[in-house]
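Asker: The chain contents come next:
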Amino acid sequence: MAVGVEVPYEFMGRRMRPFSLALMLSTIVVVYQYEIIEQGPGPHGFDVAETVFASAAIFGLFFGWLLKNDDLHEWGLILAAGVWAMRMSLYWLDVGPASIGVWLSLSWFIGAVGAWLLEAFDHRWRFHLESMRAAGE
Amino acid sequence: MSDSQWSLVIGLLVVIIMRVLDSLLPKGYMLKWIQKYFVKIDDDDDDKDELTP
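Order-wise, the sequence lines are chains A and B. Take 1 as the starting number for the first sequence in the working numbering and just add one per residue. Take 1 as the starting number for the second sequence in the working numbering and just add one per residue.
Example chain B residues on the side facing chain A (calculated, C-beta under 7 Å, incomplete):
# : residue
1 : Ser7
2 : Ile10
3 : Met18
Just so you know, the hints here were simulated from the structure itself, not pulled from any lab data. Ideal Cβ placement from N, Cα and C applies to all residues, glycine included.
Pulled out of the complex, with its shape left as it was, chain B reads as follows (with noise of 0.2 Å):
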């Protein structure tokens, strides 16, 4: 195959790759290390609740 022709295969990949890490990434839930050390739960005062992942 040509560069080119390298090149839009490798475009597309991208695309199909993002598309099915998309379709894995979690809904509804996530893996209990993440929800431990990536989630700041603040609940004494609703003004300033912030969940930063």
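Excised from the complex, chain A in its bound form (with noise of 0.2 Å):
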């Protein structure tokens, strides 16, 4: 019985995550804004917090796919959720909503929002499905 979606593919063993890897990605580019390139807004202080934060949810993100720990893997998609919903905040309140930078983080900060919402609910929910219909209701 199928409940959920779920890649059908594994890589090294592992579930494909593809949309976790894209989230990854793009937060590691946040981290090579703020700290690499430092081309970031606001003050050197805020860049810290939210390498930091960035930096624990590709932890989260990556570490969560290699042990195989969900629970991991679920707080890496709720902090880059924080990380996008941090910069996209800064970036209308510095620079304004016309810039590209609030647009780019919100659609980053929607997807890991339902990435999360999706994960949640696979966890959550699959055992009642799955005893719900060995009970024939």
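Make one complex out of these two single chains by using the hints.
Answerer: Put into structure tokens, the structure is as follows:
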């Protein structure tokens, strides 16, 4: 019985998570923007805070996948949503709503929240759906 | 507060709200209207069985 949506392919014996990979790479770009080329808006203190946040998200997404730890992966998605919300609001307040950074960040924010909702739904409700079917309801 | 401080607060709030929402998600049961309108149960063929919310 199939419940929810899972990509039926594996990589290195692990579930393929293409969206998480994309989210992780884009979050790495945030770190690159703030710490390597130092072109992000806001003061240096904000850069450090955003980098810490983003690094935690990257850690969660990568090791959640590598260690097959769904809880850690969920934390990665939640923290990534926080990173992108943070970035979006700073661009909005600092540069203005016409900034590309606002809408790009909003897109990734929606993606991260949506991916987390799907994961949470799958983990929380899967058991009930399976037991419901087994009971013939 | 400065713009960057507001942004930090918003980012932290997002994380907190998502965690609170997670704790409110039903565990082990679901709302009847979700079951009625969003869950497809097909018992005819195991190979084709899918519960699509």
